[in-house]
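*Asks:* So the protein lines, in turn, are chains S and A.
Following this note's numbering, the numbering of the first sequence begins with 1 at its first residue and continues without gaps.
Following this note's numbering, the numbering of the second sequence begins with 1 at its first residue and continues without gaps.
By construction, these hints were calculated from the structure, which means they are not laboratory data.
Glycine included, C-beta positions come from ideal geometry on N, C-alpha and C.
One or more hints might be untrue.
Claimed, not checked - Below, computed lysine-lysine pairings styled on DSSO-like, alpha-carbon distance capped at 30 Å: (1) S:K214 / S:K46; (2) A:K211 / A:K225; (3) S:K98 / A:K211; (4) A:K98 / S:K46; (5) S:K98 / A:K255; (6) S:K214 / A:K98; (7) A:K46 / A:K255; (8) A:K46 / A:K286.
As the list claims (entries may be wrong) - Which residues of chain A face chain S? A partial, calculated answer using Cβ under 10 Å: (9) E62; (10) N105; (11) P106; (12) Q110; (13) V180; (14) R199; (15) T207; (16) K211; (17) H212; (18) K214; (19) P278; (20) K286; (21) E287; (22) R290; (23) L292.
2 protein chains.
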Amino acid sequence: MTADLYEPPVRELLRVGAGRPLDLSAIDPRSTPGLPALSVTGPDRKSWARAEVRRIGDELAEQQEMLHAQAVAGDAAGRRVLLVLQAMDCGGKGGAVKRVAGAMNPLGLQIRAFGPPTEEELGHHFLWRIRRALPDAGQVGVFDRSHYEDVLVVRVESLVPEETWRARYDEINAFEAGLVDEGFVLIKVFLHISYGEQRERLLSRLTDPTKHWKYHPGDVDARTKWPDYQAAYTEALSRCATDAAPWFVVPADRKWYRDWALAHLLREHFADLDLSYPPARFDLRKEHARLLAGDGPKVNGG
Amino acid sequence: MTADLYEPPVRELLRVGAGRPLDLSAIDPRSTPGLPALSVTGPDRKSWARAEVRRIGDELAEQQEMLHAQAVAGDAAGRRVLLVLQAMDCGGKGGAVKRVAGAMNPLGLQIRAFGPPTEEELGHHFLWRIRRALPDAGQVGVFDRSHYEDVLVVRVESLVPEETWRARYDEINAFEAGLVDEGFVLIKVFLHISYGEQRERLLSRLTDPTKHWKYHPGDVDARTKWPDYQAAYTEALSRCATDAAPWFVVPADRKWYRDWALAHLLREHFADLDLSYPPARFDLRKEHARLLAGDGPKVNGG
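Build the full structure now, drawing on both the sequences and the hints.
*Replies:* Quick look at the structure:
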């Protein structure tokens, strides 16, 4: 039931870098790079993409199980997957986690949301809380915000001097290179929404009483600094798009495309790992005989 | 779309205690307590139960979101849910987590599996690693095995002297009473399978190469001590079935009943919390006007 991988791979279409400078304003948040030409349009296109996400979700669940199985068997060599999600408010991180990561077995997921640092966290190096939240071998981790906040909100709000945050690009690159050496597959994704789409989503939070808790007047204050944030994202993504740990920009005004692209990014990275179920480390025939022979205690009508 | 709660509640039918001593051998692992009389039988009954689990899963996801929303709004008063799962090998903890907990948003779940303690963990009190793994306020935690291993495998395998593990019942009760005081809803579930069903499931792990990694010859060694484990479970469940933190025995030979019962247990406990979405803490009209007025920077066609 495995669908073919697309050619060119979705990740090549969304990857930051590849020789040209990043210009976020040139990437249409409503565009759908890599989506195959379909014989359907409109709502049918959305249904098609949603169905593909569910199908790929089943594949991701199997890949995750193999990764976990290899770790249990001692074959994983420290391998694990870490998805880093960044976005402006209302960018859809939560929805993406629910629909894409949610397809995997929660036992194999380690999801961590990073809010403003606590007093304790502020007393440490900015990577301290990140290191403590890294997924274990064999697991799939998801960061809802991350260490990149320390070169984004921290920069825009001038929370530390410029020389401090500016030095962090190199620190982040060294940190991430170390993770990759340890066996991490890093998938760093910026969900790119438009200023207009953010307004629509904020308005819908005001209209729907079940969403009031998600609305914070401070979000609108941050909205007034939109160009500053776009500039901060542009520099962070450019400076930290390395070969070992590239950045991907996913146009995210269309939620169904966002999920479709994210599912493909995960799938393509899993494919690199060439996972399989580990072989038996015991004598199959002998174990079979033991189970059939052992009448054992008669309990529960066994 | 809320289905009615059953009367009597499923949890009353499955609760340990209620005046009579626990006798696991008198509870048929193939029984289906609380399942309503259906006009369907056989495979149709299974399909019906699976569909109900999916429907209740949507409710659980909403309840979880409200719990999280109240924590974000500061209304939760430390409330959180902790599901503790115990079972013999092949008892179906993994499947139950996947199908029932998997219905909730992974961002609101904190799942932790407890294996044999590490060297570091052995250097601490047996509750040390448990305390570190407790869910945060507003979260739903799931323990795949738990502190009960310290009165189960530890007892059967004589890993500590009897006076040590025997003292732990009171320690556990005091610990759990403290959690409930802090706002925890504890749901402790023993998935009860038969000796014969365990054999079938072990055999299927041998037959299916994608399941070899789940098979450990040591599981069959533990199987020879089945009556000792049943006795250890009987005493642990009896001694630690308190009003604040009761134990539930879920007959688990039928996977679809297991998931159905677990979904109902969660649902009935969520109902106690009487959750709702927190009200807006800001001036709705003012925020609406701000969003519509703010033309802001023209970016991305916004």
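*Asks:* Each hint: holds or not?
*Replies:* Hints versus structure:
1. The suggested pairing of K214 (chain S) with K46 (chain S) holds, with an alpha-carbon distance near 26 Å, which does not exceed 30 Å.
2. At most 30 Å may separate the alpha-carbon atoms for a hinted pair to count; K211 (chain A) and K225 (chain A) meet this at roughly 24 Å.
3. Only pairs whose Cα atoms come within 30 Å are accepted, and K98 (chain S) paired with K211 (chain A) is accepted, the gap being roughly 27 Å.
4. Straight-line distance between C-alpha atoms of K98 (chain A) and K46 (chain S) comes to about 27 Å, which keeps the hinted pair within the 30 Å bound.
5. Restraint check for K98 (chain S) and K255 (chain A): the C-alpha separation of about 25 Å stays at or below 30 Å, so the hint holds.
6. Taken as a hint, the K214 (chain S) and K98 (chain A) pair is honoured in the structure, with Cα atoms around 27 Å apart against an allowance of 30 Å.
7. Restraint check for K46 (chain A) and K255 (chain A): the C-alpha separation of about 9 Å stays at or below 30 Å, so the hint holds.
8. For the given pair, K46 (chain A) sits about 52 Å from K286 (chain A) by alpha-carbon distance, which is inconsistent with the 30 Å threshold.
9. Here the hint on E62 (chain A) is kept, as its CB sits about 9 Å from the closest CB of chain S, short of 10 Å.
10. Here the hint on N105 (chain A) is kept, as its CB sits about 5 Å from the closest CB of chain S, short of 10 Å.
11. A cut of 10 Å between beta carbons decides the hint on P106 (chain A): the least distance to chain S is about 5 Å, and the hint holds.
12. Look at Q110 (chain A): its Cβ gets to within about 9 Å of chain S, closer than 10 Å, so that hint holds up.
13. The interface hint given for V180 (chain A) is broken, as the beta carbon of that residue sits about 24 Å from the closest beta carbon of chain S, more than 10 Å.
14. Here the hint on R199 (chain A) is kept, as its CB sits about 6 Å from the closest CB of chain S, short of 10 Å.
15. With a cut of 10 Å, the hint placing T207 (chain A) at the interface with chain S holds, because the nearest CB-to-CB distance is about 9 Å.
16. Interface restraint check for K211 (chain A): the shortest CB-CB distance to chain S comes to about 8 Å, inside 10 Å, so the restraint holds.
17. A least Cβ separation of about 4 Å between H212 (chain A) and chain S falls short of the 10 Å threshold, and the interface hint therefore holds.
18. Taking 10 Å as the C-beta cut-off, the interface hint given for K214 (chain A) holds, the closest approach to chain S being about 8 Å.
19. For P278 (chain A), the interface hint holds, since its Cβ comes within 10 Å of a Cβ in chain S; the closest pair sits about 5 Å apart.
20. The closest approach between the C-beta of K286 (chain A) and any C-beta of chain S is roughly 9 Å, which is under the 10 Å cut-off, so the hint is satisfied.
21. Given hint, E287 (chain A) at the interface with chain S, holds; its Cβ is 6 Å from that chain's nearest Cβ, closer than 10 Å.
22. Taking 10 Å as the C-beta contact cut-off toward chain S, the hint placing R290 (chain A) at the interface holds, the least distance being around 6 Å.
23. A least Cβ separation of about 8 Å between L292 (chain A) and chain S falls short of the 10 Å threshold, and the interface hint therefore holds.
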